[in-house]
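Engineer: Turn these sequences into a full structure, and let the hints steer you where they fit.
There are 4 protein chains.
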Amino acid sequence: MLVVMDAHATPEDIQAVCTVIEDMGLQANTMPGPTRTAIGITGNQGAIAEAARLKLMPGVRDVIRVTAPYKLVSREYREADTIIEINGVQIGGPSLVVMAGPCSIEGREQLLSTAEAVKAAGATILRGGAFKPRTSPYSFQGMGEDGLKLLAEARELTGMPVITEVMDTEQVDLVAEYADILQLGARNMQNFALLKRVGRTRRPVMLKRGLSSTVKDWLLSAEYIMAEGNQAVILCERGIRTFDDHSRGTFDLSVVPVLRELTHLPIIVDPSHATGRWQSILPMSRAGIASGADGLMIEVHPNPAEAWSDGEQSLLPERFVELMEQVERIADAMDRPIQGRTKAAAI
Amino acid sequence: MLVVMDAHATPEDIQAVCTVIEDMGLQANTMPGPTRTAIGITGNQGAIAEAARLKLMPGVRDVIRVTAPYKLVSREYREADTIIEINGVQIGGPSLVVMAGPCSIEGREQLLSTAEAVKAAGATILRGGAFKPRTSPYSFQGMGEDGLKLLAEARELTGMPVITEVMDTEQVDLVAEYADILQLGARNMQNFALLKRVGRTRRPVMLKRGLSSTVKDWLLSAEYIMAEGNQAVILCERGIRTFDDHSRGTFDLSVVPVLRELTHLPIIVDPSHATGRWQSILPMSRAGIASGADGLMIEVHPNPAEAWSDGEQSLLPERFVELMEQVERIADAMDRPIQGRTKAAAI
Amino acid sequence: MLVVMDAHATPEDIQAVCTVIEDMGLQANTMPGPTRTAIGITGNQGAIAEAARLKLMPGVRDVIRVTAPYKLVSREYREADTIIEINGVQIGGPSLVVMAGPCSIEGREQLLSTAEAVKAAGATILRGGAFKPRTSPYSFQGMGEDGLKLLAEARELTGMPVITEVMDTEQVDLVAEYADILQLGARNMQNFALLKRVGRTRRPVMLKRGLSSTVKDWLLSAEYIMAEGNQAVILCERGIRTFDDHSRGTFDLSVVPVLRELTHLPIIVDPSHATGRWQSILPMSRAGIASGADGLMIEVHPNPAEAWSDGEQSLLPERFVELMEQVERIADAMDRPIQGRTKAAAI
Amino acid sequence: MLVVMDAHATPEDIQAVCTVIEDMGLQANTMPGPTRTAIGITGNQGAIAEAARLKLMPGVRDVIRVTAPYKLVSREYREADTIIEINGVQIGGPSLVVMAGPCSIEGREQLLSTAEAVKAAGATILRGGAFKPRTSPYSFQGMGEDGLKLLAEARELTGMPVITEVMDTEQVDLVAEYADILQLGARNMQNFALLKRVGRTRRPVMLKRGLSSTVKDWLLSAEYIMAEGNQAVILCERGIRTFDDHSRGTFDLSVVPVLRELTHLPIIVDPSHATGRWQSILPMSRAGIASGADGLMIEVHPNPAEAWSDGEQSLLPERFVELMEQVERIADAMDRPIQGRTKAAAI
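Line order of the protein sequences matches chains B, A, R and G. Under the numbering used here, the letters of the first sequence match residues 1452 to 1798, in that order. Under the numbering used here, the letters of the second sequence match residues 1452 to 1798, in that order. Under the numbering used here, the letters of the third sequence match residues 1452 to 1798, in that order. Under the numbering used here, the letters of the fourth sequence match residues 1452 to 1798, in that order.
Identical copies carry no separate label here, and so any pair may be met within one copy or between two of them.
When the alpha-carbon atoms are kept at most 30 Å apart in a straight line, the in silico BS3-like pairs for lysine-lysine are as follows:
#	residue 1	residue 2
1	K1506	K1570
2	K1667	K1506
3	K1522	K1506
4	K1570	K1600
5	K1600	K1647
6	K1647	K1522
No wet-lab data here; the hints were simulated from the structure. This structure is a prediction, so every number in the text was calculated from the model and none was measured.
Structural biologist: Printed below as a string of structure tokens:
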């Protein structure tokens, strides 16, 4: 940490700051300059909690933090990529994973037919929402436990692990009973009680990035889960909120190489929620894989026009086949086969 | 709702859209133009859920929604301002309310001395956090129930109603036992399970605006609470997240006149969290009142440099006195006395 | 400046960075810590241009700048507030200034009647656009020199100094011939050729903040003007572009106290462009003055519904009278009379 | 256009709006609904300029525009992709183009060696800045005409067309004398005088997206150029400004499929400026091509650590070779060979 003193700071001000730093058990390194003095702090193991205290002292202009506030999620803590394995499907390994399925579970026929269609095309994890976070209280709120049961049936039928969202601490046990992966939605990325609770389950957690989350916030939310003992965290970029209005969100693919440097956790990208336009999903899936992500999450619906939620951003099964064909070509160019594609499997 | 057809749409495309609209029990009003046809939909009572279905039909370029998706929160539903009264303190009435106190409750002495100081200066509601939403899992997480007990003791001592944050459904009953007003934080603005749960209590709820929340999202979250039967909702602007980095957030005071038109709910502004700089709190409190807000929420701490959270944005009690003096002059210029100021009380 | 080394940096990496710093004629202050070493740089007079060079050296994780990159605009360079005086009207002094008039000059009658109306209400500077920056090439582009002539006539008639926008280097001489203050629009805030050119005139310049300008960018643009020798620069906040869509822009009043600390230049706020809604102008004018701004810029039109530009955000003259009455009460509460109001003049 | 009346609007209000619409020579289509009436306007050829007038009428709640305000740039106006050809290099055709070179021209040796290196790797257009838009007046401002002469020499030597930025109307003739393509920078995207002026040259123009530009703003700026007669406009995405701080900007690749639908103009993406980190350029170049862009603009410097500008985001020539190899694999997967790559040329 660096304390920058004001140009008008007195020697007494500077001395007082040094004394406080030393009282914290740390070293103060005074660096006088022609216009102002800076004081470097060394000796700390992690981030310094008392930064605010220094910032309020007389003559202090700014306090600049240097140490990253997260630990378990960082590449410095663990250098090798985290690979999460569920029933033979790997997330974060050398090959790619595709999670697909309907936004909401709407019924047996809808879910099972979609599950079979996405499996045939090469998806290896089935998605489907039973508890739905909806902006309006008057929108369809999900089938609840009935939906979870259908999800379990679909897993039985197809052999695919299933991922579904959990919205509240009180639902965690129930959802964890049925789901192979717990999904935390963008609007709950900083629901700290929920983060802690899923950190105490032994289910992998996919943590979607909040609408206005910085990388630091996001990694600290992952740290909440890991600090409770659950090391199986997957990060999912799903679009951020900016001034831009051409699509539902701004799909921040440039976060992928940055995350790769900072963390060992697997990275999934979700072009369906990010763009909100089915026409953009195919090109942005290609781009997501080319940016270096470990996989995709895609919404597929047998009849998007009649979907109970997110129909505008759902793909017809036949278009999902086309997507998988195109993504496979990009995946080949990246030397990362898609798990679940016969051709890829044969490589 | 208005369906805008593509320039190349065929008469069959147009007819198909009209048929679907009529199948919904609504009227389709075809408006042919020189370059494209638009179809107005009438006959609906509220927002039309099936918009996505229309958007995906052949020849449809865009679907434009006209009806606001919220109802109970709207001025059209209830014309008169909602006034919430707690132990003789009014929120949303002709006179102004000031909520003040420490960010976190840190101990008996800290809370009680702050409570007495802010009361003496004219605050009428005491704030203090017992459960703290912190970005990092390694930061102080609040005193929990012990903090709530101290809050109740401070109420006893000063007579001031108390407001404190609730972060999770499982805490609602506990917090509601001690608090007069439940606060929902920015990061929980779209925690829909929590919104519903506090909607089923009979405590007033102060709903802070999310960091990237539009007015529509915010009002729909308030609608979640009201739809469960709780009509006592207070809106609190606390800064939004933008590219701007001079302050902690961007304090969006221009939302105040817009909310006034759209909703009957009371509006509080929080310059402490919005700016994150104690130097900005005084001028932005004046500005907040001048913009037409119904009151302020201000963080006060007897020793900000040693605060366990948010010290940088906390005011010393003596500076809070100065704030109240200056705000009172603005309040007078607005003909809205501050409840709790002797002079105002005398009016 | 502080160079933060990577946890894995070798002693040779650290030595190499120190050598480069010393080759620049500066001092390197090595601060070894338990996880990583930081190197403080001292001895520089201003910002260090070679930062990029250091950032690319082996073992360097980050380079943190400490020194503000601007100089002439800063409060450290000049402590006293800059006061600009034009024909007896002061901008940035103890009393407030109101600039008002139509968005575009549309004709003799329109301009002169507006000028007289705003003067009667207490405005002391007349605004009016002759060259208009319009998003669409098909929108009205302004009356050009004919408009400037009308502006000069209005000044003659009313005695008010006039402000008008200049959009291009080739127009600067022409506009400077007629205008008392040159306005640079938000979209030209980083038109560096234009900044330099107006810096070589002897007319005061009002520099509007760019739609996505940070404070640093804005002050550096002001520095461009001052570095050419023109010290009379006025800053004008007119709304920034964020995700927020309830108003035309997000009116960032919290920039006012921040600017006050960093710079000695006068600060004007423009609620007309910031909000784009005539209903918001009155409350946000009050808030702007309460935040500590030195004055307002307001659009007034005798018949907003027929205005050739920005009708939605223009006030009728009678509403402008109401605005001045309300703002005067706030101004009184701030002990800052409005120049041009009889009552204020009498103080 | 759709006029939405207030719930409380009277029949007289509605009639008055219809009369105004008919006075404009257009048709008013009244659509009464249970809560409010909407009035559809038909008969207009383009966008309706008088929208503001209607919005200010009594009883009007909102005016919703339907018609896109641009024309020449739109796919509806011209269905086939625009292909720009310069000395045998195509921009916007079936094969891809790579523009590369240093940020700033710093000298003969630097420019010529970079030009030869990027050509050898498969670039077909040389970039290099002679007039530099710099945030600070104290940063290097470019070599000016001397730089342009070096650019012409590099073209002579390598046969590559050259692109360089023009910052001001007064420089247009000079720059157009030397450059094959005129570049308009992000900060000048709404410098309307400059847009008009380059629209009157016969040089292709590459228009970079503004930092906070919507797609509509961007296309309207392109329309300014085309409306003056210059049909050769290239759009370049170079990162937008958002709350996100992990990279220099937020690289908005999801704009690519949206632009493809709306416009026939070629689309280039610039990962160097968008991310500001050389480590991100390689993955984001792959992603840019996979998203469907027509080409890349990349900064290359023989010695980034000593670059006079943008060293942090410049690639060493050897890394540019690696980039081209990886991008070629993605290009092959897209069936879009890179002009200038031997292998691609052989296909």
